[in-house]
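Numbers in the numbering used here are just positions in the first sequence, counted from 1, shifted up by 23.
Rather than coming from a laboratory, the hints here were simulated on the basis of the structure.
Mixed in with the good hints there might be a few duds.
[What the hints assert, rightly or not] Here are the simulated SDA-like cross-link-like pairs (lysine to any residue), alpha carbons at most 20 Å apart as the crow flies: (1) Lys369 with Glu403; (2) Lys71 with Met178; (3) Lys227 with His203; (4) Lys147 with Lys453; (5) Lys561 with Asp516; (6) Lys509 with Asp554; (7) Lys568 with Lys509; (8) Lys75 with Ile31; (9) Lys565 with Ile575; (10) Lys503 with Lys565.
Quick caveat: nothing in here was measured; it's all calculated off a predicted structure.
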Amino acid sequence: MYQSQFFIPTLKEIPNDAQMPSHQLMLRAGLIRQIAAGVFSWLPLGYKVLKKVQDILREEMDAIGGQEFLLPALNPKEIWEQTNRVEAMGDVMFHIKNRDNLILAPTHEEIIAYHASQSVKSYKEVPQIWYQIQNKFRNEPRPKSGVMRGRQFLMKDSYSLDATEEGLDISYEKHSEAYHKIFNRCGIKFFVVGASSGAMGGSKSQEFMVENPFGEDTCAVNYESGYSSNIEVAISKVEPVGRIDNCPEIEKFATPNAKTIKELSEQFDLPVERCAKSVVYIIDSKPVLILMRGIDELNESKVQSYFATNQVRPADENEILDVFGAHPGSLGPINIKKQIQVFADKLLLDANGLISGANEDGQHFKNIDIERDCKIEGYEDFRTVLAGEADTISGNPLKVVNAIELGHIFKLGTKYSEALGAKILDENGKEKPLIMGSYGIGVERVLACVIEQNHDENGIIWNKGLTPFHVHILGLAYDKSEQVQKVCNELKDQLEELGLEILLDDRKERPGFKFKDADLIGIPVQVVIGDRGLEENKVELKFRKTGEKIEISPSNIIESLTKFYEV
RNA sequence: CGGGGUGUGGCGCAGUCCGGUUAGCGCACUUGGUUUGGGACCAAGGGGCCGCAGGUUCAAAUCCUGCCACCCCGACCA
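Let's have the full structure, built from the sequences with the hints guiding it.
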């Protein structure tokens, strides 16, 4: 391919709208252009790479017996009403204004279950793994970071159909292994975390995460021990507060200018870890006090799962005053004005010598013995894990990192098959719903993550498997020198015959311009051919990743490149 | 949806507070010339209803009102 004829609109300057390196580079290297918030066009160079990601996805899905479907983006609303997801998804689902019975599909569980209900009738016909690589549509409230979170996005989704739980376990495991292979082939460093299944329903689910400062999830990880968990469910080893000897009687004392734990401990010289924090939440419309160490933060996800509800929010100041008769800063578990339930973080189990608000503005208690002085309904882990705490496997410090969710695998169970009547007969002629799994990968996210992890200040650094072209030949003064043209074209022809994809920069541009563009585009090897080198029978081979340059005679270059690409 | 910011040629920006010739700069683009191994230089050009719609005024990129779009923070996120 001659670069003079290939559309690669590179940008010298960083577009104002892009914050994330991958987003900036995708724009600058001419891979994508934005068309609206969360909507992008893929330009030829970007689309070439995107297709290579898809090739890997297809190969690995086919390898576990997957069969590819092409499913409609327009779906009958009726099918979605059967699983109640029109309502559940609410504003996230795009509706069609002038054709009210159609919606834009945000995902495809329903359609898959629909086809299964029509055509899969016997346990003998399963397992099935059905997949698709297609655009999905979600009316994201706030698209961001380029293709990381869009309103239209490409997703590889697969769905497994099984007759038994054991069958589902096998399908799930196959996907887990395939996903490891896929991300490894893409050259992405990732980790897997257990996750909550959210509104999808179902039991087990895991997320494939990539550490990244722009990630929207937070995870606690220790790469050495292999501990990794979404912060929502992360745990760590922390010494409980415990008991001190000779704890005196509980005593009220005046704390007129101490509203925060910090002020309290500093002004009265009290140990921070024994200052208990009173967090007031409204849970299922009822006020609840959760007592925690002063230095800890409440983890709302843990609260939600403990109380088995998502109706959870912090109480406002008026509600607090009404229940406690005091303002925040002086709240505590003792002498609460109204009768409410009090729970405590596990670290406070059986602790004494505690300091807490007296539910009287400007007053605190000290020497509290939680067993003696408080009525605690239950102890549970309510706190958010902090960086540096010991992981539960090795005892070594945890890192708390932002992460991007690249893939998610779910054991769905029978939610969709039951709703849509996807039933089969088992060996005994008994009718039962298919047991489903669902397994997604954000295709564009994969590409963005590859760039996030493989770039430098000059541009993208593609790996051999995803690069849009294998070799970038830079013909210096190509338009002027017949010698350069001849060597460039001979090399291009020979390499193409070996099955390699070649981009030949034949443009009438100065050398520096071509070098900068080549580094930005990021093809793994550059072959620099110019008169200066040819006079000494040399061309230059440059490896993008290391920056290593070697001078080599034109006759030896094929060998070096075939070795590099193992062709 | 709440808060903040920005809309001026393809890209990056100045000008807006304090209204007043022909709206400016860098990059990119066209033509000619000189150059040519890490985003060259000189010269001459082309390209703008200053986001949109109203209003104020002799006069609006600039002031007022409404709307729209995009970005960031938060909420939300099958």
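Results for each hint:
1. Distance restraint check for lysine 369 and glutamate 403: the Cα-Cα separation of roughly 5 Å lies within the 20 Å cut-off, and the hinted pair is therefore satisfied.
2. Only pairs whose Cα atoms come within 20 Å are accepted, and lysine 71 paired with methionine 178 is accepted, the gap being roughly 17 Å.
3. The suggested pairing of lysine 227 with histidine 203 holds, with an alpha-carbon distance near 18 Å, which does not exceed 20 Å.
4. Simply put, lysine 147 and lysine 453 have alpha-carbon atoms about 13 Å apart, close enough for the 20 Å limit, and the pair holds.
5. Taking the CA atoms of lysine 561 and aspartate 516, the gap is near 19 Å; set against the 20 Å cutoff, the hint holds.
6. Under the criterion of a C-alpha separation no larger than 20 Å, the hint pairing lysine 509 with aspartate 554 is consistent with the structure, at around 11 Å.
7. Taken as a hint, the lysine 568 and lysine 509 pair is broken in the structure, with Cα atoms around 28 Å apart against an allowance of 20 Å.
8. Restraint check for lysine 75 and isoleucine 31: satisfied, since their Cα atoms lie roughly 18 Å apart, inside the 20 Å limit.
9. Taking the CA atoms of lysine 565 and isoleucine 575, the gap is about 11 Å. The hint holds against a cut of 20 Å.
10. Restraint check for lysine 503 and lysine 565: the C-alpha separation of about 23 Å exceeds 20 Å, so the hint is violated.
Hints 7, 10, counting from the list given before, are not met by this structure.
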